[in-house]
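J.: In case you want the letters, here they are:
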Amino acid sequence: MKTELNRLNPLARREFVLRTAQTALGVSVMSSMLDGARAAETAQGGPGSPGFGKAKKVIFLWMNGGMTHIDTWDPKTGDTKGPTDPIKGKGQVDFLGGTMENMAKVSDKITIVRSMSSKTGVHEAGTYIMKTGYEPRGTIVHPCMGSWASNFLGRIKGVTLPDSVVVNSGSSYPGSGFFPPALSPVPISNPETGLQNIRPSTDDGQFQKRLSLMNEFDSSFRKKFQSEDVKAYTEFYDETMKLMKSEDLKAFDLSNEPAATREKYGRNSFGQGALLARRLVQAGVRYVEVQFGGWDMHNNIDTALNGTGATMDKVFAALIEDLAATGLLESTMVVMGSEFGRTPDVNENEGRDHYPLAYSTVFAGGGVKGGYTYGATDKDGRRVADKQVSPSDFQATIGHAMGLPVDEVVMSPSNRPFTVGDKGAPVLDIFA
Amino acid sequence: MKQTTKLFSSLVVTALLAGSAFAEVRTWTDNKGRQVSASFIGLDGENIILQIADGSTRTFPLNILSAEDQALAKSLKPTGQPVMMANASVAQASAKIDLLVATGIGKANPERVKGGKSAITGFNAMANDEQFVRRVYLDIVGRIPNYDEAMVFIKDSNPAKRAKLIDMLLDSSGYSAHTYNYLAEMLRVKDRLDGGNDVRGIPYINWLQKQVEQNVSWDKMVFEMLTATGKMWHNGAAGYLLRDSGMPLDNLANTLAVFLGTDVACAQCHDHPFADWTQYQFYELASFFGATSTRYQRRAPARRNKEGMEMVDMGNKLMPEIESIIEKNGGDLTRIRNGLQQFIGANRYAITDTATNAVKLPHDYKYKDAKPGDPVAPKFISWSKEDKNLAAYKQKTKEEENLRLAFATWATHPTNPRFAMAIANRMWKRAFGQGISEPVTNIDDPAQSANPALLKHIAEEMKRVKFNLKDFMRIIYNTRAYQSEATTEHIAMGEPYYFQGPLLRRMTAEQAWDSYMTLVLGEPDKYKKPLEDLYSKTIDLDLYNPKLDAQTVLMKYAAFRTMGEKERAMMGGGLAEAGGGMMMEGGADSMMMDGAAKKGTPKTGASDMMMENASLNYGGMVLRRAAELEQPAGPGHFLIEFGQSPRNLIDGSSKIGSVPQVLMMMNGRAQEMLTNSQSLIFRTMEKVKPSDEKADTEAAKLEALFMSVLNRRPTEAEMVTAKKTVADNSASGHGDIIWALINTREFIFVQ
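Chains as they are written, first to last, in my numbering: chain A, 584 to 1015; chain B, 19 to 769.
Keep in mind the hints are simulated off the structure, nothing from the lab. Here the structure is a predicted model, which means the values were calculated and not measured. Worth double-checking, as some hints may not be accurate.
Taking lysine-lysine and the BS3-like style, the derived pairs with C-alpha atoms no more than 27 Å apart in a straight line are [to be verified]: (1) B/K135 x A/K807; (2) A/K807 x B/K389; (3) A/K806 x B/K403; (4) B/K447 x A/K814; (5) A/K807 x B/K447; (6) A/K702 x B/K179; (7) B/K673 x A/K814; (8) B/K389 x A/K702; (9) A/K792 x B/K741; (10) A/K962 x A/K664; (11) B/K135 x A/K825; (12) A/K792 x B/K384; (13) B/K481 x A/K806; (14) A/K806 x B/K135; (15) B/K386 x A/K702; (16) A/K806 x B/K384; (17) B/K741 x A/K807.
The shape of chain A in the complex, shown without the other chains:
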């Protein structure tokens, strides 16, 4: 009974306990029983368990639009086969999509989770749930992982750079959620230009003069209104000034990279974004998300894969090789995710539509096994056949790798209880 119980995913297990109790005992379940079930399952997580805290840094590659699982990480050869033939990977990574030539070569360094399943086929909701573990609600915004990490681990010591950064986006939504905005990732809309507005529009002498004028003209107001909000602004000004002067800013300057390296990543926003991510984690940034669009392949998936798919393959592989070569891969976990998969059946426009029931995510580095696959879909990639992983579990896995207490309940300012990834269970099996 106990082993069978443990095989159920945590949600199913709680439900199982609940239903058993209701039917067999005819009483409502006391919360302690549920807590017991919960405690049993997470006894495996936490400090000392596989992979806990191994990922000092995370690079999260976000495939915007819904990455087609069947043409990338979970290729099929039957009725739902994509435009290209699958190619062979290394270790347990039996097959990869036909455009994944470079990834095939480094597939001994990755774990593919093929049993992701989510509830929503809407882009915004799907993105939200994959980045927070929570379904979007009209009443609260949940924090993203970079902000959770800042909350638990604090600001990175000795570095003026932000704790977390989102590359290739003007927005970091959902950002810090109900945590203070100071914990929000800093968005970098273009990796080539780095931090927006980081240079003053005047020379340094004049800039300093302006600052001292500002402080003088503002002094009586600040004296009169000593509220937290006003003080917080003054702190933001101080922090921003520190950042403007910081040597660490060089991390944002891609021109410091050899041309060959820049070429290897590819001269496109994703390639240079991934390179920037590597530079940033090297300089101390804890969590970098790099976004790459073009995955909403409703039509002509063949052409789209030759573009978007091939670019992703090249960049991802270059990043893994680079991290491995610089020795960063051990402490840096690279994660690839998307809001959902795409329909196994090709539509009338030679494309695939939104499909949340089954899709894949990929992990590499930071204590993760290499040449490994976890979970599986059925023959045609329609349903999860083994070891279903929810977006909550996915988030909890990343949090676990970063050494966050994913079980710890944090109260929002509105006094509602939340945890990293909405009580998901870390997938411990992917860690070496």
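Given chain A's structure and the hints, the job is docking chain B onto it.
T.: Using the frame of chain A, we list chain B on its own:
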């Protein structure tokens, strides 16, 4: 005794709270024989509180009354709350609110003192004219006053100038822009709707703006939104439900939170953990929307018209023919088809009422009172046992086609226990920075609010003014409480606040941007988005018209595609033209509006750069008020960096700083625009140059600069610093001072 005659001629305050003793208006005599007609409110220690003719309450030392009246006062029962007559004046209404605020402060003090805080001695000091003019412009029209506006008010010696200014601002178009911003944030109004098709929120946005402009009463506006049918471009109010097409339960949770201040979001998935709402109750409410569809189903089941005739979706039927036309003309079908289908698909977004109620309990329903998949009958929620006797609850809930109507009638009914209170509490928060009950989306128990009597009263006031938001705000802005200085004491989150004055608030993103626009344009309300709604004009297809043919669909699609390009083409013009009107002889400031330049050369020397229409821009930023820009603004825009709501959540904006935001304030394009020597601030400084040659020209300029940016004169010390800055560097000194001022906390916080 002027007071007395006035009072006797219009006996305004006679009615009293139900259940309390009658307090008659009588003549009170003091120990010198002077008389006043007033009603007795109560005793406060050695003082007596009387309400006089204008509705205001006055406190007198009890011992100045005649011995007889002193004795009477001691024998009377305090009446507590006076009640408003239907036609009470604004001054009376405001005074009444002040009384309730004062009473609330008195009640709160013992508890405060026990908690180690000092007692609140009364309202904060009256805000001075400089503070007031800036605040009231920001609060009512959503931007700082320009130089002229601030000066006119400050120099005005009319004792009633505050009330006059409030009236003027409430009637200006700035009021509409600012109020729209507030409602758009609350209702999550946006242009680009989720779902990856061509359905856009433009008609809804335009509808909402029009409602605010026409000051349509709140109950009517909400009723329209809840009951609208059809496509959004035929009825903009349909945007409210179509905004959340496919998410009816979320839409309902938001409806309850926004309009009824009731948070049942938890009950969407499980019984509410803290409040009494059950999941079953939530579904009972959802059932009112169960016979409402927000999308035509592309395939089966077929729709039937009123006569029972089957209606054919021509978009589906014509597709093969359309495709063959495209192919014949050498078009790439796989590329065009998707866009075409999105265009056609947008025309399937329409609200219709269906014959069957589709609401069933969710598959994971886990409570014993019903089973998953059970149908649920509609039933209103109530907040107390007596509620169901209220008129709001007398609705027919049996016929499917009337369900939504019943809900809307109940929700917007004056006797709904929460509808008036929810919007009144929100409007209160707009003025004071905090609701009487917080959070405003969840007035769980009014008795637990910071001032229950006040909350109850403003809800009654909202009904008394018939949900006219403008009239309601007029009362609030005329209160002594509102016109006090901002409170300097820090109020921690969750701590009750008693409204001895408004709280210090950071500007909203829209207020900050619109204030920048004021500094650049002078009169930013004159710069509107193009009036023509090209989207609504080109998107419409009647999919159920059997006469629709493939050619027409293709032609309309082509027209729709070119619409976007037209939209983008409708902007131009540069900084030098901005506020040019101020420099025109005879103040021909309409020039900026008309688009095509009138004859006449502005003295800015920019005559040859006149724009073709009203949109100016600087460094890629369109220079219009936030309400006239894309909703919400795009990523990286000043508005977004400054915390504009992405419009995904109710009241989803942020008022907190961030490093990117501060970088933008210090180094971004917007500050560059203001410190640019072509900026309007410089021209204003030139304009005020005194004619007297011996006068201190530089001092006058600097005063104009401070007055433009902070709406106050510089202090002596600031003047010394400012003069020295200009003397040291004549080329950039003024720009440096502007930069410094717009980067102060004083600039971005509303006092």
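J.: Under the constraints set out in the numbered hints, which ones does this structure not fulfil?
T.: Of the numbered hints given earlier, those the structure breaks are 2, 3, 6, 11, 12, 13 and 16, listed in rising order.
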